[in-house]
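Colleague: Each chain, letter by letter, is given below.
Number of protein chains: 2
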Amino acid sequence: MKCDSAGLQVLSREECMHLLATSPIGRIVFTDRALPAVQPVNFHLRGEDIVIRTTTGSKLAAATRRTVVAFEADDFDPDTRTGWSVTVVGHARAVDDPAEIAGLAALPLLPWAPGARDHFIVIVAEQVSGRRVHPG
Amino acid sequence: MKCDSAGLQVLSREECMHLLATSPIGRIVFTDRALPAVQPVNFHLRGEDIVIRTTTGSKLAAATRRTVVAFEADDFDPDTRTGWSVTVVGHARAVDDPAEIAGLAALPLLPWAPGARDHFIVIVAEQVSGRRVHPG
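Same order as they appear, the protein sequences are chains H and G. Going by my numbering, 197 is the number at position 47 of the first sequence; the sequence numbering is gapless. Going by my numbering, 198 is the number at position 48 of the second sequence; the sequence numbering is gapless.
Simulated from the structure, these hints should not be mistaken for lab results. Hints may be right or wrong, so weigh each one.
To be verified - Covered stretches of chain G (chain H as the covering partner; in silico rule of three or more C-beta atoms under 8 Å from a C-beta of chain H):
1. 151–161
2. 238–252
3. 268–276
As the list claims (entries may be wrong) - Using 20 Å as the maximum straight-line C-alpha spacing, the simulated DMTMM-like pairs for lysine to aspartate or glutamate come out as follows:
4. H:K209 to H:D246
5. G:K209 to G:D229
6. H:K209 to H:D268
7. H:K209 to G:D268
8. H:K152 to H:E164
9. G:K209 to H:D268
Even for Gly, the Cβ is constructed at its ideal location relative to N, Cα and C.
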């Protein structure tokens, strides 16, 4: 078992992708008016791409157009003090092609909040890192 | 009930602080070598200050010294598609004063990972925002 300097188990890219696929919610990390910003979103993993559905005029849509973002998912159990986290860093892009939008709209990715959400953001998993914490 | 343009309920600062106090884990959002970075941490809420315990030489310790960070906590139920998230933005500072370190070391804030963690980071809650999602 490979551990980092903080004593956390280092997960392989394959393990990270497997864990990401089990998580209904992740957090997209970006910059909003020069300040760090974070927003939880539900998502779908299409291969190694993270697909997010939002509204066209949203702050998230504006802030993630052609930029590098981080995306994080985790699952921790406070009782046993165990759990994992996975972070992906990569370029985000707004999907503009109607054929690709039609394909993404058919994914099992339903908005949680009310209102139309026909704007898709795809994050390409360029850097993938993950850690697992075991009891200290 | 006040809602934002995305149809999410807007939480008051008081509600946000109450929810933060119920959460054992949050995510600190910062910049690491000009890239967005995010790391889950356990934390303690001391008044409205977020207290985090880490190792002296950690990336987190280096990256959050005298800078503005975001801190996010949330709780979602994928079955009912409901939940909340709270985000704090504020200045982070490393605690250097021995008396303050002694006070923080007495808090109910135990590291989850193995190893000594005697470096404390305090985030001052300058901007606080929160949202609750109800079924769409």
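Colleague: Take the hints in turn and mark each one as holding or not.
Modeller: Hints, verified against the model:
1. Coverage of a stretch by a chain is defined here by at least three residues with a beta carbon nearer than 8 Å to that chain's beta carbons; for the stretch 151–161 of chain G and chain H the count is 4, and the condition holds.
2. Given as covered by chain H, the stretch 238–252 of chain G fails the check, having 1 residues with a CB less than 8 Å from a CB of that chain where 3 are the minimum.
3. By the rule of at least three residues with a Cβ nearer than 8 Å to a Cβ of chain H, the coverage given for the stretch 268–276 of chain G is violated, with 0 such residues.
4. The hinted pair formed by H:K209 and H:D246 meets the criterion: a straight-line CA distance of about 17 Å does not exceed 20 Å.
5. Between G:K209 and G:D229, the direct Cα distance comes to roughly 36 Å. Violation of the 20 Å bound is thereby established for this hinted pair.
6. Pair hint H:K209 plus H:D268 holds up; C-alpha atoms about 14 Å apart against a cutoff of 20 Å.
7. Using a Cα cut-off of 20 Å, the hinted pair H:K209 and G:D268 is violated, with the two alpha carbons roughly 38 Å apart.
8. Between H:K152 and H:E164, the direct Cα distance comes to roughly 15 Å. Compliance with the 20 Å bound is thereby established for this hinted pair.
9. Taken as a hint, the G:K209 and H:D268 pair is broken in the structure, with Cα atoms around 38 Å apart against an allowance of 20 Å.
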